Amino acid sequence: MTVTPVEIAGDEYVTVAARAMRTSDGVGALESLGWWDLLADLGEPDARTAVFAVFRAQGRELVSSPALGGLLAQPYLEAAGLEPGTVVATVPRASARGRPVLVAVGDVTDRMLLVDRPGEGATVAEPDAVGLRPVHLPGRLALHEVDIGRSRAAATVDEARARAARERSAFLGRVALALEIVGAAEGALALAIDHATHREQFGQPIGRFQAVRHLLAWARTDCVAIEAVARQAVTLDSAAPPRYGEVVKALAGRNGRRACERTLQVLGGIGFTTEHDHHHHHARVLALDALLGTSAALVPALGAWLRSTDADPGVASTMLLGGPLR
Amino acid sequence: MSLSAPAAAGDPLLDVRTYAAELDAWLAGRPARLQVVAAPIPAFAARVKAMVELMAVLHDEAWSRYGWPAEVGGLGGSILHRAAMWEALARHGVPGMALFEHLEVLAPTLVAHGPRPFVAEALPEFLAGRQLWAQGFSEPGAGSDLASLRTTARRTDDGWVVNGRKIWTSWARYATWCLLLARTGTPQSRHRGLTAFVVDLRAPGVEVRPIEQANGTDELAEVAFDDVHVPTERIVGEVGGGWQVAMHILGHERGTFAWFRHCFLYQHLVDCLPQATADDDAALGNALLDLVAVTATSHVALQAHADDAPLGPLAAHPKLLLCAAEQAVYDWVLATEPDIAVDTSRDGYAVRRQEYLFSRIVTVYGGSQQMQLDTIAKQILRLP
Numbered sequence: 176m177t178v179t180p181v182e183i184a185g186d187e188y189v190t191v192a193a194r195a196m197r198t199s200d201g202v203g204a205l206e207s208l209g210w211w212d213l214l215a216d217l218g219e220p221d222a223r224t225a226v227f228a229v230f231r232a233q234g235r236e237l238v239s240s241p242a243l244g245g246l247l248a249q250p251y252l253e254a255a256g257l258e259p260g261t262v263v264a265t266v267p268r269a270s271a272r273g274r275p276v277l278v279a280v281g282d283v284t285d286r287m288l289l290v291d292r293p294g295e296g297a298t299v300a301e302p303d304a305v306g307l308r309p310v311h312l313p314g315r316l317a318l319h320e321v322d323i324g325r326s327r328a329a330a331t332v333d334e335a336r337a338r339a340a341r342e343r344s345a346f347l348g349r350v351a352l353a354l355e356i357v358g359a360a361e362g363a364l365a366l367a368i369d370h371a372t373h374r375e376q377f378g379q380p381i382g383r384f385q386a387v388r389h390l391l392a393w394a395r396t397d398c399v400a401i402e403a404v405a406r407q408a409v410t411l412d413s414a415a416p417p418r419y420g421e422v423v424k425a426l427a428g429r430n431g432r433r434a435c436e437r438t439l440q441v442l443g444g445i446g447f448t449t450e451h452d453h454h455h456h457h458a459r460v461l462a463l464d465a466l467l468g469t470s471a472a473l474v475p476a477l478g479a480w481l482r483s484t485d486a487d488p489g490v491a492s493t494m495l496l497g498g499p500l501r
Numbered sequence: 007m008s009l010s011a012p013a014a015a016g017d018p019l020l021d022v023r024t025y026a027a028e029l030d031a032w033l034a035g036r037p038a039r040l041q042v043v044a045a046p047i048p049a050f051a052a053r054v055k056a057m058v059e060l061m062a063v064l065h066d067e068a069w070s071r072y073g074w075p076a077e078v079g080g081l082g083g084s085i086l087h088r089a090a091m092w093e094a095l096a097r098h099g100v101p102g103m104a105l106f107e108h109l110e111v112l113a114p115t116l117v118a119h120g121p122r123p124f125v126a127e128a129l130p131e132f133l134a135g136r137q138l139w140a141q142g143f144s145e146p147g148a149g150s151d152l153a154s155l156r157t158t159a160r161r162t163d164d165g166w167v168v169n170g171r172k173i174w175t176s177w178a179r180y181a182t183w184c185l186l187l188a189r190t191g192t193p194q195s196r197h198r199g200l201t202a203f204v205v206d207l208r209a210p211g212v213e214v215r216p217i218e219q220a221n222g223t224d225e226l227a228e229v230a231f232d233d234v235h236v237p238t239e240r241i242v243g244e245v246g247g248g249w250q251v252a253m254h255i256l257g258h259e260r261g262t263f264a265w266f267r268h269c270f271l272y273q274h275l276v277d278c279l280p281q282a283t284a285d286d287d288a289a290l291g292n293a294l295l296d297l298v299a300v301t302a303t304s305h306v307a308l309q310a311h312a313d314d315a316p317l318g319p320l321a322a323h324p325k326l327l328l329c330a331a332e333q334a335v336y337d338w339v340l341a342t343e344p345d346i347a348v349d350t351s352r353d354g355y356a357v358r359r360q361e362y363l364f365s366r367i368v369t370v371y372g373g374s375q376q377m378q379l380d381t382i383a384k385q386i387l388r389l390p
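Protein chains in written order, with the numbering used here: chain A, 176 to 501; chain B, 7 to 390.
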């Protein structure tokens, strides 16, 4: 079935994307949604909404796709002279082992891999000699550590042009990760609501107890905040306030983890087993929080930025007016 | 720019973006008339006086008439104009004025459900700070369980007679009018037997006793009504429709109000940045995230209001997030300025101390945090 998401408004994009993911793997879902073609139209609000809806859907459905790398690569494509769908970007991660690690998300078989090294420009590697070492985590997330090795360079982007693409790429990637985090957290919340409705103690469903109800209401509020902030980012796009991608990502990591902790508490012991799906949602939130800046690192960094710039980041007026005041 | 020209029917004189830019330019010129609120005023009665003065200036200059329909003395436009005004005032360092914020809680409901001829006279007086309003909902025996309230309104030959007692009545000490929720049905009628009235607080039989609050302000009061006459044309909404009026008000208090309030919280945070140290960067970052969450969720509420599609139970989210943001901001403020707890020599500290303490009680007003969570659990999550 071919679905054309641009014809559908609002949250229905997410529903359509989730449906595609239930009937196919991540790669197939992106194909059937025409997702790679939409990437070229990121400047159009409808196409953009559809592009980002995929991330929330794959978080909910625990599906893995190369969409993140595809989105991250998009701002470099023109400079590299490549077409959407042929190349995905790797994500650098500062490892505790002391060396930078390159990560690829989803099945990236047969796609070229873009590596951006600030100060040196970006390189696009042919898939031939690239080494992919799978990272085994719960969360049904296909994650690979990438070794570019001796693979041939299909294209290069010089530092001046890479610099122009870098900030845009990080903004898009962080908003996408935030939406996937909220999708995964919403999935955890749905499991906990189901549990609270059916699990009985003291002769009644535990969802009748106020302590349990309030945990779930807070988890929902955590998710609503991520969703609203990320949606604003998608709407404002390049008119977003300075460092808004980091704000969105930090909030998503913080609130997403918090929501999963609340739902885990409601689920009790069963939520802490591998037979129950909750651990997949929780693990995915943690893994996504670790990409493009953890909330633990971003939160104080944003505080330091605000302190040293000594200025209103202008979020309220920008949102109200759809762009900066002046 | 001349704003004195009459508004065209329908469209406002200035679209939101132009309005915001012109207001920004006016504020950047530091108008002399705004000096009245330039310094912190710890004495509450004096602060109210200054706020009233500010309301008069904004009304005279026409800024506060935007966002209200022409039929009730406004210049047209939507709540987005008002949102832009609040954002600009906060950004230019005009202090947050609970009094003026209160207008945003009551006036939208008066415009939507109030008796038109009366509201057309009363709203301009409210906007100009000449006649203030109180909100008479809670009673000694009816707090979270508002539908159990016992103040009665009995029909007479020439109107209604109100008897009972209200408490936590905001602004009663300073107000001319009180929007009052009274029982017109049987004692057992719960939320179906309530009606909203506008009661003149100057009328015989009204007694206002201000409540001295723990943070040194006294905008709350206890109000007794002893055979107070209310004319029929002062009913808001329908007889027996008081619950709908109350829910309309609380929808504002919880949803769009979060926008207005959080603009000032942003500014409080910015004001305290010079004292900040790196030790508190994480707390500052978290406060920023909490504020941004309010910006985004309350913007949804503003947009819904502008589109005439109220949020209903969803308004509980911005309300909860606003409380979290207010507390996060003031946790950080206290960390950066510990002297606000002990130093009484500076007016600025005194006002900060009031605000810090107020941030500890924000989870109570407008429906307690626990009631908001219950609303979400029941009406949104549909738990058993």
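A hint or two may mislead.
[Claimed, not checked] A few chain A positions that, by computed beta-carbon distances, are all more than 10 Å from chain B: (1) Q385; (2) W393; (3) R406; (4) T449.
[To be verified] From the structure, some residues in chain A lie toward chain B, with a derived Cβ separation under 8 Å: (5) I323; (6) R327; (7) A330; (8) A400; (9) A403; (10) L477; (11) V490.
Hints are computed from structural coordinates only; laboratory data are not their basis. It should be emphasised that the depicted structure is a prediction, and the values quoted were computed from it without experimental measurement. From the three backbone atoms N, C-alpha and C, an ideal C-beta is built for every residue, glycine too.
Hints, one by one, checked against the model:
1. Q385: Check fails; 7 Å does not lie beyond 10 Å.
2. W393: Check fails; 7 Å does not lie beyond 10 Å.
3. R406: Violated: least Cβ distance 7 Å, not greater than 10 Å.
4. T449: holds, 27 Å
5. I323: Status violated, d = 34 Å.
6. R327: violated, 43 Å
7. A330: At 37 Å from the nearest chain B Cβ, A330/A fails the 8 Å test, so the hint is violated.
8. A400: The hint holds - A400/A has a Cβ within 8 Å of chain B, the shortest such distance being about 4 Å.
9. A403: holds, 4 Å
10. L477: holds, 4 Å
11. V490: holds, 5 Å
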